[in-house]
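All chains, full assembly: derive it from the sequences and hints.
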Amino acid sequence: MHRLEKTPGEWLDRSVDLRFTFEGRQYQGYSGDTISSALAAAGLTLMARSFKYHRPRSILSFANHDSNTLFQVDGVPNVRGDVTLLRNGMRVSAINTFGGLAHDKARVLDRCARILPVGFYYKAFHSKHLFPRWERMFRALTGLGEVNLGAKRESTPKRYGFCDVLVIGGGPSGLSAALAASERGAQVALVEESIRLEGNGAPSALVRAARESGAITLYPATVAAGYYADHWVALAHESCLTKMRAKAVVFATGVIEQPAVFRNNDSPGVMLASGALRLLARYGVAPGRRVVLVAANLEAYLACLEMRKRGVPVVAIVELRAAPESDAAVAACAALGIEILCAHAPYEAIRGSSGTVAALRVAPWSDGRLDGGAVRDIECDAVLMSVGWAAAGQLCLQAGGTMRYSEELQQFVPADLPSGIYAAGRVNGVYEIESRIADGRRAGAQAAAHAGFGAAPNGPAPRRSTRCPSHRFPIIDHPRAKNFVDFDEDLQVKDLENAAQEGFDSSELLKRYSTVGMGPSQGKHSHVNALRILARVRGLSVDQLGLTTSRPMYHPVPMKLLAGRSFHPERRTPLDALHGSLGAVWMPAGNWRRPEYYAAAGESRQQSIDAEVHAVRTGVGLIDVGTLGKVEIYGPAAAEFLDRVYAGRYSDLTVGMTRYGLMLDESGVIIDDGVIARLGDERFYFTTTTGGSATVFREMLRLNALWGLDCALVNVTGHRAAFNLAGPLSREILQGLTDLDLRNEAFPYLAVRSGNVAGVAARLMRVGFVGELGYEIHVAAGGGADVWRALMKAGTPRGLRPFGVEAQRVLRLEKGHFIVGQDTDGLTDPFEANANWAVAMKKPFFVGQRSLRILQARGQRQKLVGIELDAAMPLPKECHLIIDKDAIAGRVTSIAHSRVLNKSIGLAMLAPELAQAGRRIRIRAGDGALIAARVAAVPFYDPKNLRQKPEMSQ
Amino acid sequence: MSALALTIPEPRKRLGLKGPRAAQWLAEKGITPPPLPNTWAHSEGAAAAEALLVARLGATEFFLEDGAAGTTLERISPFLDGHPPGVYPVIREDSAFVLGGERVHEVLAQVCNVNFAALSLDSRPVIMTLMIGVAVLVVPHGAEEYSDEAGRREQSGRYYRVWCDPTFGPYMGECLGAVVAECGGSYTGVRG
Numbered sequence: 001m002h003r004l005e006k007t008p009g010e011w012l013d014r015s016v017d018l019r020f021t022f023e024g025r026q027y028q029g030y031s032g033d034t035i036s037s038a039l040a041a042a043g044l045t046l047m048a049r050s051f052k053y054h055r056p057r058s059i060l061s062f063a064n065h066d067s068n069t070l071f072q073v074d075g076v077p078n079v080r081g082d083v084t085l086l087r088n089g090m091r092v093s094a095i096n097t098f099g100g101l102a103h104d105k106a107r108v109l110d111r112c113a114r115i116l117p118v119g120f121y122y123k124a125f126h127s128k129h130l131f132p133r134w135e136r137m138f139r140a141l142t143g144l145g146e147v148n149l150g151a152k153r154e155s156t157p158k159r160y161g162f163c164d165v166l167v168i169g170g171g172p173s174g175l176s177a178a179l180a181a182s183e184r185g186a187q188v189a190l191v192e193e194s195i196r197l198e199g200n201g202a203p204s205a206l207v208r209a210a211r212e213s214g215a216i217t218l219y220p221a222t223v224a225a226g227y228y229a230d231h232w233v234a235l236a237h238e239s240c241l242t243k244m245r246a247k248a249v250v251f252a253t254g255v256i257e258q259p260a261v262f263r264n265n266d267s268p269g270v271m272l273a274s275g276a277l278r279l280l281a282r283y284g285v286a287p288g289r290r291v292v293l294v295a296a297n298l299e300a301y302l303a304c305l306e307m308r309k310r311g312v313p314v315v316a317i318v319e320l321r322a323a324p325e326s327d328a329a330v331a332a333c334a335a336l337g338i339e340i341l342c343a344h345a346p347y348e349a350i351r352g353s354s355g356t357v358a359a360l361r362v363a364p365w366s367d368g369r370l371d372g373g374a375v376r377d378i379e380c381d382a383v384l385m386s387v388g389w390a391a392a393g394q395l396c397l398q399a400g401g402t403m404r405y406s407e408e409l410q411q412f413v414p415a416d417l418p419s420g421i422y423a424a425g426r427v428n429g430v431y432e433i434e435s436r437i438a439d440g441r442r443a444g445a446q447a448a449a450h451a452g453f454g455a456a457p458n459g460p461a462p463r464r465s466t467r468c469p470s471h472r473f474p475i476i477d478h479p480r481a482k483n484f485v486d487f488d489e490d491l492q493v494k495d496l497e498n499a500a501q502e503g504f505d506s507s508e509l510l511k512r513y514s515t516v517g518m519g520p521s522q523g524k525h526s527h528v529n530a531l532r533i534l535a536r537v538r539g540l541s542v543d544q545l546g547l548t549t550s551r552p553m554y555h556p557v558p559m560k561l562l563a564g565r566s567f568h569p570e571r572r573t574p575l576d577a578l579h580g581s582l583g584a585v586w587m588p589a590g591n592w593r594r595p596e597y598y599a600a601a602g603e604s605r606q607q608s609i610d611a612e613v614h615a616v617r618t619g620v621g622l623i624d625v626g627t628l629g630k631v632e633i634y635g636p637a638a639a640e641f642l643d644r645v646y647a648g649r650y651s652d653l654t655v656g657m658t659r660y661g662l663m664l665d666e667s668g669v670i671i672d673d674g675v676i677a678r679l680g681d682e683r684f685y686f687t688t689t690t691g692g693s694a695t696v697f698r699e700m701l702r703l704n705a706l707w708g709l710d711c712a713l714v715n716v717t718g719h720r721a722a723f724n725l726a727g728p729l730s731r732e733i734l735q736g737l738t739d740l741d742l743r744n745e746a747f748p749y750l751a752v753r754s755g756n757v758a759g760v761a762a763r764l765m766r767v768g769f770v771g772e773l774g775y776e777i778h779v780a781a782g783g784g785a786d787v788w789r790a791l792m793k794a795g796t797p798r799g800l801r802p803f804g805v806e807a808q809r810v811l812r813l814e815k816g817h818f819i820v821g822q823d824t825d826g827l828t829d830p831f832e833a834n835a836n837w838a839v840a841m842k843k844p845f846f847v848g849q850r851s852l853r854i855l856q857a858r859g860q861r862q863k864l865v866g867i868e869l870d871a872a873m874p875l876p877k878e879c880h881l882i883i884d885k886d887a888i889a890g891r892v893t894s895i896a897h898s899r900v901l902n903k904s905i906g907l908a909m910l911a912p913e914l915a916q917a918g919r920r921i922r923i924r925a926g927d928g929a930l931i932a933a934r935v936a937a938v939p940f941y942d943p944k945n946l947r948q949k950p951e952m953s954q
Numbered sequence: 001m002s003a004l005a006l007t008i009p010e011p012r013k014r015l016g017l018k019g020p021r022a023a024q025w026l027a028e029k030g031i032t033p034p035p036l037p038n039t040w041a042h043s044e045g046a047a048a049a050e051a052l053l054v055a056r057l058g059a060t061e062f063f064l065e066d067g068a069a070g071t072t073l074e075r076i077s078p079f080l081d082g083h084p085p086g087v088y089p090v091i092r093e094d095s096a097f098v099l100g101g102e103r104v105h106e107v108l109a110q111v112c113n114v115n116f117a118a119l120s121l122d123s124r125p126v127i128m129t130l131m132i133g134v135a136v137l138v139v140p141h142g143a144e145e146y147s148d149e150a151g152r153r154e155q156s157g158r159y160y161r162v163w164c165d166p167t168f169g170p171y172m173g174e175c176l177g178a179v180v181a182e183c184g185g186s187y188t189g190v191r192g
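Top to bottom, those sequences are chains A and B. Residue 300 in the working numbering sits at position 300 of the first sequence; the count goes up by one each step and never skips. Residue 37 in the working numbering sits at position 37 of the second sequence; the count goes up by one each step and never skips.
In case anyone wonders, no lab produced these hints; they're calculated from the structure. Check the hints yourself; a few may be wrong.
What the hints assert, rightly or not - Some residues of chain B that are not near chain A, with every Cβ distance over 12 Å (derived): (1) Leu4; (2) Gly30; (3) Thr32; (4) Glu74; (5) Pro85; (6) Glu102; (7) Gly169.
Claimed, not checked - Selected chain A positions facing chain B (Cβ under 8 Å, derived; list incomplete): (8) Tyr160; (9) Thr573; (10) Tyr634; (11) Leu709; (12) Ala712; (13) Gly718; (14) Arg743; (15) Ala781.
As the list claims (entries may be wrong) - Pulled from the structure, derived: some chain A residues nowhere near chain B, Cβ distances all over 10 Å: (16) Gly100; (17) Met137; (18) Ser194; (19) Arg376; (20) Glu432; (21) Pro457; (22) Leu578; (23) Glu596; (24) Gly635; (25) Asp739; (26) Arg753; (27) Gly759; (28) Gly859.
Positions of the beta carbon are idealized from the N, C-alpha and C atoms, including for glycine.
Structure follows, in structure tokens:
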């Protein structure tokens, strides 16, 4: 390959030199070059090694469709050389080599191909102990680029796009479809894989009209990589992924040129004729100095003439057919003195010392049989294959369409397309340029009509080609094989035949066993030929076998595009900034960030947590509980709704009082809990768990819609700040800031009151999750910071400390309070969690009641119990197993060391027969050691609950 | 067309109303709610700074926001203290943003799957959707579309008011602001 003189229409700016390195050596290209074109222009024929056998490879399709020209570029793996523009200073290297491209040590595998057929590892390595070792070895020897785990993440946008008509493909039919749709008033998006619209075979007037149309948005250098429901198409561009939603879609996706299958057809120098033409026209690169064409259609002769026009010598045309069609191009080739060998086929490509093609050995061929006795070698340095096409119809299939194999065209064509989907051009079997344009206009008008722009046209059906552009079986057997069908996976004809003979004889099974079509090309060059081989083995037609549908993305898409910007919605309470200023160490809680603890100068994490616990037990602490779900319910049926949703009874709850609420699902399993406050006869305010707020509210809305009760639910979780002032001094400190009377007579335990705190309207609930006198204060989010500051200011002289989630967990554990989702699991019912007291079984109905009756009769499967460790340390972890008689008898659900109790305590789910207080148990720690403990009564701390009701102890 | 910008507007009073008699109650207070769900209205005859925005979120649900100098909510809120039957007040402490300027639709296309560019402002639409994973309420304002010299349809001066749960406010501001900045716009920062 070499660069030719500059010609009009090429895509290069030859005034701008670009320097780059390949495999450590420096090369030069021009602005506008792709990596592959620059390497080809530099005369490189060896560009890559194959996936499995490490065979030498070079340009095949020059269409971004094959895996031959994937490179490692500046640390980025699997960069597509055919379409990636060259940059100055680029460092390019081959992928999947050991010791460099030229001296790849793994190339020895090519000589071992005979003993490494498809699926050999299934049959050869049966030992499950040794298999991982073999697996690691195979993974090392095969593969693509090397992922750099330390690479900096590139954040790329994902965007939504909208249009009336989406046209995929910027060739003649696509352009005319876009114009026809736009002329009817539709907003059109036109997607084209190439960097430019020019040079794709369309008349320049069409390109100009599309560019000038105000109703057509062009998406060049963009691949429609997948079709999803409702005309939703993923458009992958180097810098972003567009999720395009269209009212109608036109597939003008064209056809993909198929290789001839013959021995050494993967050698550098053997390439598709369409790829060679692109190299020539766009980048001024000649495929060789002595070119042989393998032909089975008219396009081969047109390519031949184009080569000759640019001064590229074509020495022979090896025509697979008995004779080419009668056409001016054929006559012109003959007139140029080019030898046309009719009814001949390539027997093998003979490789030179560098592995690149040095000659093509040909032989007479008829009825699929080669006359090996009459071979002839034609010296050449390039072999161009022009033997047929495959419809680029995978998006049609993904859209739910069907395709049939046309014997007349030797190509799949759309048979049945879903509503709003249209096909045009060569994918539709329409080849002549005028017909493609007409077919495009028809499809564009139909799509626009479907989108609501005018009536559906009554145009003629597409005029499919009367000549056959594809050979029915361009596959030549060779006793020494190496006739490759799938270049990605190094699959030879015999691999597919063997797979079929072993019983993997449907297109789906063949694909899965042999991996044909599962490489980066996704079968673009192998699918149809593999079907032809399978059809021959089974004696069926290709149509009877049918196509497999590739799942999206059909075309490889960089992971960065799929990841996008990675938005992770995070909630912050109104006090977030204040926590930060107090030294909060953050932890995630659901989608919230919460202070785990507040780091104090000179204290370790554990010391800070201990100090926070100590402050609550002996003085006062303040915790932000704004993350709790907060819901209001209004209406005449509000109490009835709560009676139905929660296991407890609320219709008899006195106004001004609160009651614990336990929420179950239909199977009687605990799914949430909270506190329900009655503000008025028809008004309640209640809390849910932090993690459950969104799902609980959604479920309540669903139930309310289902039941049709006269009440309304309002989720105010984010609109209210909430904090818990807890500790023996809490009443004293709060009283100085509120107009409410906090004395027990006026504000007893479990009461709810409305008043002002620090001048801000507040709802206060006297509850005791942490087991001390305490007040949960709820205010409008905007006033939260003022109230928090006022409480801190009033309390700090008395030793008030803010406390975080970790201290709260210890405090509630000392009280034996369970946390839904931590101490309960997806099977825990209220009886197992010792929460019978929160269940009003006599109510006429509540969610889960029926299941609870069944569970009551059946008996318990497990029991939540308190545990005390014999020794303070080592501390088992949550989820460590409890072992009894060498069997699993339960698990630890919560555990902590309690300073105030001076022992390590926890909660555990235990087999009921072991759940008696005092029973000895053993916990298996992470290192396998068995830790001694015993079942203990809860609460561990203040068993009579006097501290949260200090007036009771007086 | 103005430069792309994400701004946080001056704090305004807001209120939500729910309940079977909410629409009637508003009318009794001299506020004409929009007749259709998912549409909005401004109080009639008021100056822009005082105008009350009333968005109808459903058959029996409303979102109200006073103008920067408006006093309507201050006037009507005390009437809710008596808990009128069938009218349920909803606390609204939303975070609010204003997004507008050149390329505003490119920003929206990157954060939301609603085709805002296709909305007709004549119908005064209210959109409740997800934006970067957060439930938002969006009201478009501004000039209607026109055709530029090349015949392309453009929206001149269109801007969007966006409200979300206040606990998502910092996240929304940071993420939207980053996209706006990447598209060449500015983010005026977080309200103190």
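- prompt: Closest CB-CB distance from Glu596 (chain A) to chain B, is it above 10 Å?
  reply: Non-interface label stands for Glu596 (chain A): nearest chain B Cβ at 18 Å, farther than 10 Å.
task: Measuring Cβ to Cβ, find out whether Leu578 (chain A) lies farther than 10 Å from everything in chain B.
output: The claim stands: Leu578 (chain A) keeps its Cβ more than 10 Å from every Cβ of chain B (closest is about 13 Å).
field: Status of the stated non-contact between Arg376 (chain A) and chain B (beta carbon gap over 10 Å)
entry: holds, 61 Å
task: Measuring Cβ to Cβ, find out whether Ser194 (chain A) lies farther than 10 Å from everything in chain B.
output: Given a closest Cβ separation of 24 Å, the condition holds.
- prompt: Can we trust that Pro85 (chain B) is non-interface, i.e. its beta-carbon lies farther than 12 Å from all of chain A?
  reply: Pro85 (chain B) not clear of chain A: closest Cβ-Cβ about 8 Å, inside 12 Å.
query: Looking at Glu74 (chain B) again, its CB stays over 12 Å from all of chain A?
result: Consistent with the label, Glu74 (chain B) stays out of reach of chain A, its closest Cβ about 14 Å off (over 12 Å).
query: Does Gly635 (chain A) sit more than 10 Å from chain B, CB to CB?
result: Non-interface label fails for Gly635 (chain A): nearest chain B Cβ at 7 Å, not farther than 10 Å.
query: Taking the closest Cβ pair, is Tyr160 (chain A) under 8 Å from chain B?
result: Hint on Tyr160 (chain A): holds, closest Cβ of chain B at ~5 Å, below 8 Å.
field: Claimed clearance of chain B by Gly859 (chain A), with the beta carbon kept past 10 Å
entry: holds, 43 Å
task: Find the nearest Cβ of chain A to the Cβ of Gly30 (chain B) and say whether that gap is larger than 12 Å.
output: holds, 24 Å
query: Does the CB of Gly718 (chain A) sit less than 8 Å away from some CB of chain B?
result: Holds, about 4 Å.
Status of the Arg743 (chain A) interface restraint (C-beta, 8 Å, chain B): violated, 26 Å
Checked against the numbered hints given earlier, this structure breaks hints 5, 7, 11, 14 and 24; the rest are met.
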